[in-house]
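With the sequences and hints as input, model every part of the structure.
Residue numbers (full-length UniProt numbering), protein chains in the order written: chain X, 1 to 231; chain U, 1 to 231.
Read the hints as simulated data drawn from the structure, not as lab findings.
Identical chains share a label here; the pair holds if one copy fits it or two copies do between them.
Using 25 angstroms as the maximum straight-line C-alpha spacing, the simulated SDA-like pairs for lysine to any residue come out as follows:
#1 Lys2 to Ala58
#2 Lys11 to Gly118
#3 Lys173 to His220
#4 Lys2 to His101
#5 Lys53 to Glu137
#6 Lys206 to Asn190
#7 Lys2 to Glu137
#8 Lys11 to Val49
Number of protein chains: 2
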Amino acid sequence: MKPVIILVNPKYGGNVGAISRCMMNFGVNELKIVGNNSIIDKEAEIRAVHSKKILNNAKFYGTLQEALEDIDFAVGTSGAVSGDKNIKRIPITPKELAEKHKTIDGRLGLVFGREDYGLYNDELELCDLFVSIPTSEDYPIMNLSHAVSIILYEIYNSSLEKSYNINTNKASKIEKTVLLNLFGEFVNKNDTIPEYRKELCKTIFKRLISRAFISGKEAHTLMGAFKHVKK
Amino acid sequence: MKPVIILVNPKYGGNVGAISRCMMNFGVNELKIVGNNSIIDKEAEIRAVHSKKILNNAKFYGTLQEALEDIDFAVGTSGAVSGDKNIKRIPITPKELAEKHKTIDGRLGLVFGREDYGLYNDELELCDLFVSIPTSEDYPIMNLSHAVSIILYEIYNSSLEKSYNINTNKASKIEKTVLLNLFGEFVNKNDTIPEYRKELCKTIFKRLISRAFISGKEAHTLMGAFKHVKK
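Next comes the structure, spelled out in structure tokens:
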């Protein structure tokens, strides 16, 4: 399935136009923008060249949460590679994303942040997975439209290769949510975990099941392990 | 060896600036331009952001032949994949180029043509090899700076080999074993899980942390969640 591009508060119409062009270069046509339609200015139209249809069909949202409503799997981009200090956001590479993309059922949203600040923490929290483009440490911050084009290029390339179908049904959004809620209750009622670590514990568990692309059967089995705390 | 970027008669300073920025993103710093230095305009400087040094050090040439004088291996880019009618220019993909790049001795020049006409035939004749980015047939013409960024991205990636991801320390075998043992005890002492499902539960947890490439810090955090069952 083709990914949906979601731009969070882009600042420059030129970037949005350039993104729309590279979307068309790679056969992707659905664009969502968190922000208002004044971003589609003259410069956006010039740089979109032959892809104005994508710009004209862009949809606008007040918040990222609203933009993600019909998205099953959200991938956030982070400008720089985070080390261990940023445990919540261990990114995968665009190549790894392209591989995983073949196995994702449902709608994939690729979320790109602001040109200057990227995505805020509460926005990153809404994403299931993070991708980061390997760059030189001397200057890791890429132009927004370049970042989009590299990620779409990788996904387009991998879709050209023979897609081998792994017949394991990925867990649905609901199955993942039920599992996460059960784990959350387990953690909350666990007195030996210091309060300040509880949220981190839940976040890590969420990241692990996302990175591992947990299947429906796996999710149901693990639900069984955490169900007893309800009693 | 790092490639040299050669732009043939670019028309827009903005593109040259964006190219200079993505060169710096991927640790490449030598820029040659066929044309004159009036192309480095205000827009070029704005879009170069922190890479102005590359722009300032760009060298200018009257013809491609002159620009190629100290280049050992020239790779030309073609906007669209040429069919049989153009048998002289059967292109390779950026991934194939990145592979070959490792084996090339001497100076590699990456030659990019004009935004509208690309490279002329006599310029293509000067190139040893051609590369073409796979794109949708509906709109194969990419923005010049996007094309440069994708090719540099591939070359940069292939030069990294396994060095990327080193800064997120994967959990050691011991850390994973401790976590798995704690989870195993948690499952064993959990009376609400039917006996026959306990082994499956442990196996699935093991698979998840393997597929997710759990980090050392993540493993330690989750250990905290399962420690209490020991008491």
